[in-house]
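There are 2 protein chains.
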Amino acid sequence: MRQPCAGRGFAGIIANMKFCSACGSDRIEFRIPEGDSLPRYVCSACGTIHYQNPKVVVGCIPEWGGRVLLCKRAIEPRHGLWTVPAGFLENAETVVAGAARETLEEANARVEVLSPYTMISLPNINQIYLIFRARLLDLDFGPGAESLEVRLYDEHEIPWEELAFRTVTRTLRNYFLDRKTGAFPTRVSTLERRLREPAHYAPR
Amino acid sequence: MRQPCAGRGFAGIIANMKFCSACGSDRIEFRIPEGDSLPRYVCSACGTIHYQNPKVVVGCIPEWGGRVLLCKRAIEPRHGLWTVPAGFLENAETVVAGAARETLEEANARVEVLSPYTMISLPNINQIYLIFRARLLDLDFGPGAESLEVRLYDEHEIPWEELAFRTVTRTLRNYFLDRKTGAFPTRVSTLERRLREPAHYAPR
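Residue numbers (numbering that gives the first Met the number 0), protein chains in the order written: chain L, 0 to 203; chain X, 0 to 203.
Some hints here could point you the wrong way.
Copies of the same chain look alike in the list, so a pair counts if it fits in one copy or across any two.
As the list claims (entries may be wrong) - Each computed DMTMM-like pair below joins lysine to aspartate or glutamate, with the alpha-carbon atoms no more than 25 Å apart:
#1 Lys71 to Glu33
#2 Lys17 to Glu28
#3 Lys71 to Asp35
These are computed hints drawn from the structure, not numbers from a lab.
Modelling step: build the complete structure from the supplied sequences, incorporating the hints.
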């Protein structure tokens with residue numbers, strides 16, 4: 000199920016902690032605890048240190064013959080743009096189970112999750128993408144609540160200009176390049192904050 | 000830097016939320032929000048949904064010739080037992096930077112992080128281990144604050160009975176098996192809760 004990005008993903012990168020969730024005090028400081036090296040939210044009343052860590056987004060590239068399954072987003076951000084099925088890994092869940100669950104939720108599609116393919120760090124928004132290759136098990140799929148449309152794409156049909164996220168573009172570009180060789184090593188990379196392009200670079 | 004396990008790792012798997020960190024109210028319910036499928040901590044006063052997700056542990060197998068670098072833990076849990084350098088990924092950090100940082104902190108060792116090797120889900124404690132192969136850059140290493148001792152081990156010297164975590168045992172076992180073939184695919188697996196062994200299985 001979708002966990003909203005607002006306030007934890009794109010907007011507020013570090014959750015804004017005003018009160019201690021352990022004791023209710025408002026004496027919250029953002030400082031480096033003794034023996035630590037990074038600032039944390041620390042409660043001056045009860046001493047609790049509130050650690051915050053990156054979230055994992057899991058998903059897959061569902062393959063059927065030479066085609067891959069993409070979903071047109073019915074939700075923000077990037078409503079109306081295309082993505083591979085993916086979403087936040089949940090507590091008590093394995094990465095493989097999470098990737099399969101997201102595919103079921105977004106595309107009503109059953110997959111056998113194969114190997115890990117892209118591992119993309121997004122340090123600016125505290126996320127790690129883990130996208131797997133997967134084998135679509137049947138053609139009985141269709142849009143889930145978070146999708147407007149779900150369909151299989153041949154390589155030459157991929158809507159490159161209408162992909163929702165740079166993680167998706169990078170994953171699919173690598174995928175079709177690697178497919179020519181038949182080898183799919185796990186590809187590790189980083190996406191930094193997108194720089195605002197100068198006006199004269201704007202697409203015409 | 001180490002983030003303690005107590006209360007967020009091994010002991011309290013789901014952080015116990017008594018007060019809303021946004022508004023300070025104690026009207027916290029653990030229930031399935033509308034449109035969701037999993038229970039979350041929800042504030043009945045201000046409506047904030049407090050999502051909790053798995054943490055990522057990053058680390059590496061620092062290689063020097065045929066040997067690998069291990070650290071003897073100076074901290075609980077598993078004080079005095081051996082591990083590969085690893086720890087919680089921090090916000091604003093890439094997986095590669097995190098693995099290198101942990102190696103520097105625990106072993107004062109500089110590495111070039113190579114390819115991702117094991118990806119182990121621990122759904123019972125809401126953790127994902129990402130262990131990379133890495134090339135040790137020099138022999139100028141030594142115990143950091145969290146280690147009692149740091150040394151290079153040949154395969155036949157590995158203290159299998161004194162390894163700190165099952166993730167480490169599994170990673171090293173696979174590593175030495177794969178080394179015989181020279182191919183190191185990213186190995187994805189799951190470690191479930193360890194069952195308490197019957198008394199007659201106890202080591203003598």
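* Are the CA atoms of Lys71 and Glu33 at most 25 Å apart within a copy, between copies, both, or neither? -> The answer is between: 23 Å across copies meets 25 Å, while 48 Å in one copy does not.
* **Intra- versus inter-subunit Cα pairing at 25 Å for Lys71 with Asp35** => For Lys71 and Asp35, only the inter-copy Cα distance (20 Å) is at most 25 Å; the intra-copy one is 44 Å.
* What label fits Lys17 with Glu28 when the C-alpha limit is 25 Å: within, between, both, or neither? -> both (9 Å within a copy, 19 Å between copies)
Checked against the numbered hints above, the structure violates none of them.
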